[in-house]
Amino acid sequence: MNQQQKQQRKAVALVSGGLDSMLAVKVIQEQGVHVEGINFFTGFCVEGHTHAVRKKHKDKQKRNNALWVAEQLGIKLHIVDVVEEYKDILLNPVHGYGKNINPCLDCKTFMVKKAVEWIKEHDFDFIITGEVVGQRPMSQRRETMPIVEKESGGNDLLVRPLSAQQLPPTLAEREGWLDREKLYDFSGRTRKPQMALAAQFGFKDYAQPAGGCCMLTDENYAVKLQDMWTNRPSRDYELDDIIMLKMGRHFRLAPHLKIIIGREEGENNFMQGYKSQFVSIFPTSHPGALCLVDGEFKADQELNQALALVARYSQGKNSPEVTLNVRQMDGTEQEYNIAPMAADAIKKEWLV
Amino acid sequence: MSNNQTEHQLDARRLLCPLPVIRTQDAVNKLHSGDLLIVTSTDPGAKMDIPTWCRINGHEVIDIKEREHEIIITIKVNQQD
Numbered sequence: 001m002n003q004q005q006k007q008q009r010k011a012v013a014l015v016s017g018g019l020d021s022m023l024a025v026k027v028i029q030e031q032g033v034h035v036e037g038i039n040f041f042t043g044f045c046v047e048g049h050t051h052a053v054r055k056k057h058k059d060k061q062k063r064n065n066a067l068w069v070a071e072q073l074g075i076k077l078h079i080v081d082v083v084e085e086y087k088d089i090l091l092n093p094v095h096g097y098g099k100n101i102n103p104c105l106d107c108k109t110f111m112v113k114k115a116v117e118w119i120k121e122h123d124f125d126f127i128i129t130g131e132v133v134g135q136r137p138m139s140q141r142r143e144t145m146p147i148v149e150k151e152s153g154g155n156d157l158l159v160r161p162l163s164a165q166q167l168p169p170t171l172a173e174r175e176g177w178l179d180r181e182k183l184y185d186f187s188g189r190t191r192k193p194q195m196a197l198a199a200q201f202g203f204k205d206y207a208q209p210a211g212g213c214c215m216l217t218d219e220n221y222a223v224k225l226q227d228m229w230t231n232r233p234s235r236d237y238e239l240d241d242i243i244m245l246k247m248g249r250h251f252r253l254a255p256h257l258k259i260i261i262g263r264e265e266g267e268n269n270f271m272q273g274y275k276s277q278f279v280s281i282f283p284t285s286h287p288g289a290l291c292l293v294d295g296e297f298k299a300d301q302e303l304n305q306a307l308a309l310v311a312r313y314s315q316g317k318n319s320p321e322v323t324l325n326v327r328q329m330d331g332t333e334q335e336y337n338i339a340p341m342a343a344d345a346i347k348k349e350w351l352v
Numbered sequence: 353m354s355n356n357q358t359e360h361q362l363d364a365r366r367l368l369c370p371l372p373v374i375r376t377q378d379a380v381n382k383l384h385s386g387d388l389l390i391v392t393s394t395d396p397g398a399k400m401d402i403p404t405w406c407r408i409n410g411h412e413v414i415d416i417k418e419r420e421h422e423i424i425i426t427i428k429v430n431q432q433d
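Taken in order, these protein sequences are the chains called A and B. Residue numbering for the first sequence follows the working numbering, starting at 1 and increasing by one per position. Residue numbering for the second sequence follows the working numbering, starting at 353 and increasing by one per position.
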């Protein structure tokens with residue numbers, strides 16, 4: 001064995017927090033490679049946001065799954081904020097969108113490209129992902145996986161340990177850093193091989209076995225995002241915009257006006273933090289939800305509709321009148337009395 | 353606190369998972385071994401995630417306090433590299 005072969009090789013793994021990347025890391029660790037994890041925060045992998053905010057989810061453990069997985073595997077995890085760079089991937093995907101607003105192929109290519117930059121900067125040898133041939137309709141098909149390799153610049157530095165035997169040998173295999181026979185040949189949408197391998201490694205607790213914590217694959221979220229883009233002069237967005245799409249009930253009252261009404265205490269508390277960025281409405285005569293106004297009231301009718309809706313979602317919904325406070329962003333406040341909107345007066349087309 | 357130890361504050365309030373961890377990571381990476389970083393967060397997830405990040409990266413959580421809706425975590429930095 002020459003000196004080069006004796007040197008411990010180093011790989012960085014794209015760790016999502018799901019089972020596949022967890023298994024991929026373990027398979028490579030078993031071959032004596034030093035592995036560290038990298039996790040990209042796009043703003044859309046926001047499962048944690050909902051769990052943190054909504055009391056409905058209070059029974060779920062409030063943990064970041066990527067961090068948890070890293071600890072189980074005994075690896076370092078580098079979390080990289082790519083919110084700004086990711087805008088271009090979402091707004092201008094070369095390969096288009098999937099079923100919703102999910103630019104999966106461009107997204108995977110972007111992440112591998114970032115990982116290529118990372119390994120060059122940190123003097124690592126190759127990259128691991130938990131991808132499985134045929135598992136996902138867009139980015140994990142036999143025809144699209146080479147696109148990711150080529151367009152990311154990852155080429156043969158990119159190892160997919162769970163499907164490696166289905167794919168051409170990579171640099172790590174050709175150089176003998178990895179034994180190809182000890183890699184796997186998983187393919188297709190079945191999860192059984194992954195479950196079996198998890199059992200073999202003694203992994204009992206793992207998150208979302210089918211992966212996919214990205215909000216862009218969620219139909220309801222995609223509708224809200226499309227609505228925002230349709231009704232704004234530009235599709236550009238800020239992190240607060242995409243987080244707010246997860247909060248509350250959204251009513252589009254006019255192209256220039258949307259109101260967001262909190263669904264529960266946790267959301268109301270979180271939305272309180274946005275009162276300096278939005279006009280807000282809240283009932284004072286009865287307990288009820290906080291409402292943020294995205295846009296402006298151009299007519300009294302629009303203000304009255306918003307007030308009546310907020311009254312409707314308060315505990316005064318059966319009262320003849322509810323008193324509400326409208327607070328401007330500069331803190332000035334005005335009180336209004338209004339009859340709550342009747343359930344059958346809420347237009348279906350308002351609800352986003 | 354020793355002469356070489358400096359104390360730094362990080363305001364991570366109103367940020368939700370994983371941003372408090374990212375901001376902690378970025379702040380710690382600029383500090384020296386022995387420095388203290390006091391992170392204030394309003395995300396309940398930070399109570400679990402920041403200590404996990406510290407454990408896997410070799411830093412020490414020396415105190416966790418809760419005050420009203422805020423979680424205050426004191427980290428002792430240990431730069432290994």
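Hints are supplied without guarantee of correctness; some may be wrong.
Stated by the list, open to error - Heads up, simulated DSBU-like pairs for lysine-lysine below, C-alpha to C-alpha not over 30 Å straight-line:
(1) A/Lys113 / B/Lys382
(2) B/Lys382 / A/Lys204
(3) B/Lys428 / A/Lys87
(4) A/Lys275 / B/Lys382
(5) B/Lys417 / A/Lys10
(6) A/Lys120 / B/Lys382
(7) B/Lys417 / A/Lys76
(8) B/Lys428 / A/Lys10
(9) B/Lys399 / A/Lys76
(10) B/Lys382 / A/Lys114
(11) A/Lys76 / B/Lys382
(12) A/Lys224 / A/Lys150
To be verified - Here are the computed distance ranges between Cβ atoms for each label pair:
(13) B/Ile414 / A/Gly331: 37 to 43 Å
(14) B/Asp415 / A/Gly273: 21 to 27 Å
(15) A/Gln72 / B/Lys399: 17 to 23 Å
(16) A/Ser234 / B/Thr426: 38 to 44 Å
(17) A/Asn269 / B/Asp378: 22 to 28 Å
(18) B/Gly410 / A/Gln226: 41 to 47 Å
(19) B/Asp415 / A/Lys192: 53 to 59 Å
(20) B/Gln357 / A/Gly273: 31 to 37 Å
(21) B/Gly410 / A/Asn269: 45 to 51 Å
(22) A/Arg263 / B/Gln357: 25 to 31 Å
(23) B/Gln357 / A/Ser234: 25 to 31 Å
Just so you know, these hints were derived from the structure itself, not from any lab. Given the structure is predicted, the values throughout are model-derived calculations rather than measurements. Don't be surprised by glycine CBs; every beta carbon is placed ideally from N, CA and C.
Structure-based check of each hint:
{"no.": "1", "hint": "A/Lys113 / B/Lys382", "verdict": "holds, 25 Å"}
{"no.": "2", "hint": "B/Lys382 / A/Lys204", "verdict": "violated, 37 Å"}
{"no.": "3", "hint": "B/Lys428 / A/Lys87", "verdict": "violated, 35 Å"}
{"no.": "4", "hint": "A/Lys275 / B/Lys382", "verdict": "violated, 33 Å"}
{"no.": "5", "hint": "B/Lys417 / A/Lys10", "verdict": "violated, 38 Å"}
{"no.": "6", "hint": "A/Lys120 / B/Lys382", "verdict": "holds, 21 Å"}
{"no.": "7", "hint": "B/Lys417 / A/Lys76", "verdict": "holds, 26 Å"}
{"no.": "8", "hint": "B/Lys428 / A/Lys10", "verdict": "holds, 28 Å"}
{"no.": "9", "hint": "B/Lys399 / A/Lys76", "verdict": "holds, 19 Å"}
{"no.": "10", "hint": "B/Lys382 / A/Lys114", "verdict": "holds, 22 Å"}
{"no.": "11", "hint": "A/Lys76 / B/Lys382", "verdict": "holds, 17 Å"}
{"no.": "12", "hint": "A/Lys224 / A/Lys150", "verdict": "violated, 33 Å"}
{"no.": "13", "hint": "B/Ile414 / A/Gly331: 37 to 43 Å", "verdict": "holds, 39 Å"}
{"no.": "14", "hint": "B/Asp415 / A/Gly273: 21 to 27 Å", "verdict": "holds, 25 Å"}
{"no.": "15", "hint": "A/Gln72 / B/Lys399: 17 to 23 Å", "verdict": "holds, 19 Å"}
{"no.": "16", "hint": "A/Ser234 / B/Thr426: 38 to 44 Å", "verdict": "holds, 42 Å"}
{"no.": "17", "hint": "A/Asn269 / B/Asp378: 22 to 28 Å", "verdict": "holds, 26 Å"}
{"no.": "18", "hint": "B/Gly410 / A/Gln226: 41 to 47 Å", "verdict": "holds, 44 Å"}
{"no.": "19", "hint": "B/Asp415 / A/Lys192: 53 to 59 Å", "verdict": "violated, 46 Å"}
{"no.": "20", "hint": "B/Gln357 / A/Gly273: 31 to 37 Å", "verdict": "holds, 33 Å"}
{"no.": "21", "hint": "B/Gly410 / A/Asn269: 45 to 51 Å", "verdict": "violated, 34 Å"}
{"no.": "22", "hint": "A/Arg263 / B/Gln357: 25 to 31 Å", "verdict": "violated, 46 Å"}
{"no.": "23", "hint": "B/Gln357 / A/Ser234: 25 to 31 Å", "verdict": "violated, 48 Å"}
Checked against the numbered hints given earlier, this structure breaks hints 2, 3, 4, 5, 12, 19, 21, 22 and 23; the rest are met.
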